[in-house]
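Those sequence lines, one after another, are chains E, W, B and F.
Sequential numbering from 35 applies to the first sequence in the working numbering.
Sequential numbering from 1364 applies to the second sequence in the working numbering.
Sequential numbering from 1364 applies to the third sequence in the working numbering.
Sequential numbering from 655 applies to the fourth sequence in the working numbering.
Simulated from the structure, these hints should not be mistaken for lab results.
Honestly, I wouldn't trust all of these hints.
Stated by the list, open to error - Among chain F residues calculated to face chain B with C-beta under 8 Å, some are:
#1 A667
#2 A703
#3 V707
#4 T734
#5 D760
#6 P920
To be verified - Chain F regions said to be covered by chain B (calculated; three or more residues, Cβ under 8 Å):
#7 688 to 702
#8 793 to 804
#9 883 to 893
None of these values were measured; they are calculated from a predicted model.
Ideal Cβ positions, reconstructed from N, Cα and C, are used throughout, including at glycine.
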Amino acid sequence: MNAAPVSQPVSPMGAGPGSVPVLRAERLAKAFGGVSVLSDISLDIRPGEIHAVIGENGAGKSTLMRLLSGYLRPSEGALWMDGAPIAFQGPADAQAAGIALVHQEILLAEALSVTENIFIGRELGGFGRLDERAMREAAAAQLAEVGCKVSPRARVGDISLANRQLVQIAKALLGTHRVVIFDEPTAVLTHDEVDPLLDIIVKLKQRGVAILYISHRLDEVERLADRVTVLRDGRMVGTYDAEGLTPHRMASLMVGREFASLYPARVARDIAGPVLEIAHAQVPGFVHDVSLTLHKGEILGLAGMIGAGRTELFEGLLGLRPASFGAVRLYGKPAHFASPAQAAAAGIGYLTEDRKGKGLLLGERLAPNLTLAALDRVHPLAGLDLAREGQLLERAVASYDIRLRSRDARAGQLSGGNQQKLLLAKVMLNEPSILVIDEPTRGIDIANKSQIYAFIQSLVREGRSCIVISSEMQELIGLCDRILVMRSGRINGELSGDAMTESNVALHATSSSAAHEKTSGRNAHG
Amino acid sequence: MADLAAAPPRAEPGWSIGWGDAGPFLALAALIAIGFLVNPDFLSANNIANVVTRSAFIAIIAIGATFVISSGGLDLSVGSMAAFITGVMILFMNWVAPSVGTAAIPLGMAVALVTGIACGLMNGAIVTLGRIEPFIATLGTMGIFRALITYMSDGGTVAIDRSLRDAYRPVYFGDVLGVPIPILVSLAVALVAAYVLYRTRYGRRCVAVGANEDVARYSGISVARVRTMAFVIQGACVAIAAICYVPRLGAATPTTGLLWELQVITAVVIGGTALRGGRGRIWGTVAGAVILEFIANLMVLSDFVSEYLVAAVQGVIIIIAMLIQRMSKR
Amino acid sequence: MADLAAAPPRAEPGWSIGWGDAGPFLALAALIAIGFLVNPDFLSANNIANVVTRSAFIAIIAIGATFVISSGGLDLSVGSMAAFITGVMILFMNWVAPSVGTAAIPLGMAVALVTGIACGLMNGAIVTLGRIEPFIATLGTMGIFRALITYMSDGGTVAIDRSLRDAYRPVYFGDVLGVPIPILVSLAVALVAAYVLYRTRYGRRCVAVGANEDVARYSGISVARVRTMAFVIQGACVAIAAICYVPRLGAATPTTGLLWELQVITAVVIGGTALRGGRGRIWGTVAGAVILEFIANLMVLSDFVSEYLVAAVQGVIIIIAMLIQRMSKR
Amino acid sequence: AEKKIIAVSIPAADHGWTAGVVYHANAAAKEINKAFPDIEVIVKTSPSASAQVSAIEDLSATRKLDALVILPHSSEELTTPVKAIKDKGSFITVVDRGLNDPKIQDLYVAGDNIAVGFNTAKFLVEKMGGKGNLVVLRGIPTVIDDERIKGFQDGIKGSDLKILDIQYANWNSDEAFKLMQDYLAKYPQIDAVWANDDDMLLGVLEAIKQSGRKEIKFALGGNGMKEIIAKVMAGDAVTPVETPYPPSMIKTAIYLTAAHFAGHAPVRGSFKLDAPLITKANAAEYYFPDSPF
Ligand SMILES: Nc1ncnc2c1ncn2[C@@H]1O[C@H](COP(=O)(O)OP(=O)(O)OP(=O)(O)O)[C@@H](O)[C@H]1O
Ligand SMILES: Nc1ncnc2c1ncn2[C@@H]1O[C@H](COP(=O)(O)OP(=O)(O)OP(=O)(O)O)[C@@H](O)[C@H]1O
Ligand SMILES: O[C@@H]1[C@@H](O)[C@H](O)OC[C@H]1O
Ligand SMILES: [Mg+2]
Ligand SMILES: [Mg+2]
């Protein structure tokens, strides 16, 4: 290890007011029901710095952030603000002290409008009367600031996950703050939505706000951070100056050993005839006349920005929302799926992008979650085979590297990334021959990402086929044989081989002038 | 971006009634049309006035229930609370009447309001401090209020003093420019309630608590306080309804308000408020209360149904009204 | 965030009763202790047997309700459905008795079961196909069933034929090795139900639908089918309760089963099932039903309370039982 | 000597008449417990038939009942359970609503529901010259209600009195008020109203008063509620008569049962209270200003 931990806090920004930490944590520890999750964590955050916190899934990052912002109370240790000890009874206290948290999981009331959500608890207006206009205008401004294009009047339940994340950020940023904590704010955002957000973060920093930033996208960390704190298994590895800390080095610090490469080497495979053909798909309001073909053994990528309609296309295909098709063919035969159950029976698995709302029963234990979509397969007899279920869970925990502190945990108590792995294991339990993965690595740490990529590759090697919907361009480029780029409900371009570059994807995702075209480089599959 | 186009702008709830909320009014219109076909007398001014006046109690109580339900609660005690408040009010008025004369009436009204608020506070406290499922908590207080009125009346009738009867009568039977007073009162209550629910901070928070308790709590809202307040509003509304009710029959009995809670909840739900909270519709609730009363009226005015089957037909109509309400949402 | 609020890990529900679910049993124990202090006869074998036997009806129906409620539904029609099924069963038995003699009894039981299942199917269809709030849908069918029994009985009584009375009597009054038959029946129903809810695919799906409808849908579960099935189970349970009920009262009247729905829901909730779905506790429900019956029994055996105030004391005890239940969860 | 225990099981006070029953039962208990040191009267109310079955089971499971005085919620449902008590050797007094098997009872005290309907009908036939339009409000669907209606229908048989409408108002004054409003809206000409219980009559009178309609010659009830008796005493034109169905019959029954033990005189048999018309002439005899009913 050549980047030595910074033992004595030194300002990365040079001298100035920044040298007095706004917020300081001293030997924090947190245990849930006797299970220790964090121990001996000390760090400080200074005005005008971006302090990144990284670590593997389940390392304790989110837990630490909740301790700092009053959502949880530490089991041990103390917090100091401006040099004075402070204890928060709840998030409201921390907010009053100027600490805002953007949650990893979306925490909004779906039944309410965007404006209402943003202003819950601090509505504008005098004498009891609400000032709707002022709130709407402020909300619109705030949304514009974070680059969110939804109407302030829209119901949160009706907007996409990515937009919900932006609304949540807009909500957190309302008002003035001294410390803003971002817990994986970009996990659900595409390339083009990330930039405006990072700009805002830099702006906040320039205003002297202290920023805590968590992300598994280490390139972002490299770009933004002044200092980086690394957690592993609930303990501090250390706090480092960001200078000269490469993503590769960060990854190695996180996992505690030398980290190899992210994307598995491409292996030549036979990509055979079509397995799934969709012609003239229409999903009212979202998808307009989309046709695509997936081949046996192929990894087909679907790129696009928020609202491109990728998710809706497949929700329509599975009978989860109203849709019509010119034709759907499975292995050459006409097919129609009225429900995900029918699709599953036909060998199509779908992993939702919304793990909290549509993927997992957060209050349930892990085994029932794992087997929920494959009950008939796992339990062929009338009664449940709990022993078998237990084994399956063991196997899933091992093969997907799900990290849990307690076997008795509820799904909602897993860290975000571990929830995602559980969800993947759940979908795979049906052994689909065609797998549609919507945002496969959302919130997954870098080591596990490479595992998931290897896993997807092993699937197609077995002759299965895979559609990957992803907001991470590199992921698509590194993994896919072919990429379709969607824009405003239409396919706006197809890329393969060397033509799969970030700039090409971005071009087709944003520009309407780039008419639907097929661009393939030399190394097209073969 | 597609986004702006994608989310269809929804009408803001408020004074004006948006299209998406037209359901209960459509159901009401359909019912009135059927009523007219069945018996033209249905639309006689007299009948309409009677029915709407009658619906005032349920409407006023249901307006309170709109707060409780949209905040994620439920109050089963309203019917027996109404009986209890009526009893307390009458006993009080009878007690002071000999010394203060008809001034007993306004005093009695004040006592009723205070009693209602206290009852609501009790419900709210049990639900929030005791952290007991509202269904169970208010089922408990329902028994308590019902027993208290039975006790107060010795199981019989608590009747208002003759000397007050005539002075008080106009509160139910009187009218202003031809509009019966209970209708005016319920309109006033609805206006105030709509203002509070749609236009004030409290209303916003009430719905937020019902929509997602965690979000509300983390946004610094005192969930317990908001919920308790909703029960207090409910108590006040029950008191207002009781105040209008007393002059009608001039008495409280152990059967006063029996099963009103079911009618109240039905009115609220038919009106478009979500039973799981997070959405409240004051005018819809009022329409719901009127619908229920019209259905009952229609049963009597039509000659089709054997007296034994009235409840069945009512059940069917309620389900159909909900279907109309539901369909108009697409 | 749900996980912040999430409860600490709880023991696996199942045959054995975990610690976290001990609440209703603690409340029951507390009640029995109080009962003994109030009147030592409370613990006489005879009294205990009576009370537990009696609680069988509500327990059996409430076991069905545990399915409906944990799948996110609610059924208000159970009481009038019980009356209706009883009526159908008795009419049928009386009709065939002249030709088949006491074989009318098993035939009648079969008819009751089929009727119950049909009623449940109807409730389920209205809720799932009609997409109507279960509260309203079953309030509607509650009226329908109630009217049908009123119609069938001409407003009076449908009584079982004398010739069948004695043959049927043992179903309620008989015992096996000293254990009254209704207790055995309800234990059997509870065992089967616990198996279905905790140990079958259907049970998993039922709770999943109640916990999060979207997750269930995305997991390939037919939400409508699971919900409908829960109502069907409820109907079958009501039928079983009715079958045990007939010999006790020997008749169905328009007031049979009145307000049972409230008792049933109370038993389910006291037992630890979440009223908003996603968590069902069969043994808790059984304990809840026994608790309610013990409370009523205590009211009869104690002499403290004015007859008028019985309902109030019951209300208070229910709230306290919930508090005990709640507290044991910390 | 051992105390003789008399258990009294009655419906809970759910409307005026039953409230009267509870009042008189409690009063009887108090008086007898005081007057006869070796008799103990225990009163229990139950809100439904099945609760009543439970209550008598509970009472007999925990004490030896020397006598049970019962006003059954409904006849069918209580027959078997009361028989079980009888088989344990208790003296059984049945009040008002009879059991299916009269052999069970040692003593029966009741009003005459058929007569309540019949006498009212006869009065109307006579006063209205045998013709006119009637509307009727009935109570909770039960045997009593049925009997009254049946008696009434028998009473108008052969006359030209026509029942325009008959609906349930559940012995509840609010529901009766609404129902009467609706009758008034529906029928332009109503000559007389019969509510088969005085609770309902109160609502009916209020609705008529509000409508201002003058053609209604009679509005009659039944049961002998003190407010209505007062009207009869005052010579009210619309409600000039009343039929008694006094809730105090429970007190009569309890006293008779106590007499069986205290008086060493057997009191077995049937005791049917008449339901003669109460008119201005004899109303005072039926007026109990202190009763809640
Ligand atoms: N409420 C809780 N009860 C029990 N265990 C919990 C709870 N919340 C978190 N944990 C456990 O604490 C550990 C750390 O979780 P945390 O969410 O902080 O991880 P993280 O570093 O944010 O991971 P990720 O990158 O996946 O988001 C995990 O093992 C998790 O299961
Ligand atoms: N229920 C809904 N009602 C109205 N609009 C909706 C609804 N759900 C989503 N939208 C809108 O539809 C558009 C498409 O949604 P979505 O973001 O899921 O597409 P996508 O291509 O899958 O994008 P991504 O997966 O990158 O977020 C978005 O603009 C979203 O706001
Ligand atoms: O309860 C009944 C009462 O209401 C009716 O009026 O008279 C007979 C009683 O049994
Ligand atoms: Mg996290
Ligand atoms: Mg998407």
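Output the numbers, in ascending order, of every earlier hint that fails for this structure.
5, 6 and 9
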